[in-house]
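Asker: Sequence:
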Amino acid sequence: MAHKQGFYEKYIKRPQDLICASLATVVLSPVMLITAILVRHKLGTPVIFTQERPGKDGKIFKMYKFRTMTDERDENGDLLSDEERLTPFGAWLRSTSLDELPELVNIIRGDCAVCGPRPLLPRYLPLYNEHQARRHEVRPGFTGLAQVHGRNAISWEEKFDWDVKYVDDISFLGDWKIIFETIKTVINREGINSNTSATMEEFTGSKVEE
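Numbering-wise (our numbering), the sequence shown opens with residue 287 and increments by one.
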């Protein structure tokens, strides 16, 4: 069953996102400039980390973030693990969510929304079951229900359940509740890492119950 847009999603959400992201870019531009200088000094170039992510209907776009890892490699030329390449400064950027500020450009361009399921990796696309794939029925978000209900400290299955719940319950009040709860989550630095990894474990598909 195709996702049906309500009045808010059809006529208000996108203009609201554009206004919010544009204002945030102007207000936070000094913070982004200082962050860029610090990243350049501590981690080198490129300052902006670009990665392909699937958006609405699985369409691939380039997402922008401040880099948080080094490019250190082993003797075979392979990148070291995330834990080894994530510096204390990079971990701090993630804990404050400053690394995600360049995503405001993605919102302005229309790749993302302020609220929605977080854009993940393209290689996960064939691993989703029918329920989980519904997260791509809407634009991905800068933040979403999963980010204010555990962030990286909850399982993939829980994240996807929150994503699909968002898809089914998009509303003006719901979006603003997520925005204010996100601010609280960032201030309290909640759910930054999973319980077993410096970032988040690789998604390898959900087990099918027999």
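Source of the hints: derived by calculation from the structure; they are not laboratory data.
Predicted, not measured: the structure shown is a model, and the values here were computed from it.
In this text, a Cβ means the ideal position worked out from N, Cα and C, and glycines have one as well.
Hints are not guaranteed to be accurate.
[Unchecked claim] Keeping only pairs whose Cα atoms sit at most 27 Å apart, straight-line, the calculated DSS-like set for lysine-lysine is:
(1) K348 / K451
(2) K342 / K328
(3) K451 / K470
(4) K345 / K296
(5) K451 / K328
(6) K296 / K342
(7) K328 / K290
(8) K451 / K342
(9) K290 / K463
(10) K351 / K493
(11) K345 / K290
(12) K296 / K493
(13) K328 / K463
(14) K296 / K348
(15) K451 / K296
(16) K345 / K493
(17) K342 / K493
(18) K451 / K290
(19) K493 / K451
(20) K345 / K470
(21) K351 / K328
(22) K451 / K463
[Said to hold, decoys possible] Computed Cβ-Cβ distance ranges for the label pairs, DEER-style:
(23) E443 / S367: 20 to 26 Å
(24) L366 / P301: 41 to 47 Å
(25) E358 / A419: 18 to 24 Å
(26) N474 / G344: 16 to 22 Å
(27) S308 / E467: 18 to 24 Å
(28) G363 / V313: 51 to 57 Å
(29) E358 / K290: 45 to 51 Å
Asker: For a quick check of understanding: which of the numbered hints are violated here, in increasing order?
Answerer: 2, 5, 7, 10, 12, 13, 20, 25, 26, 28
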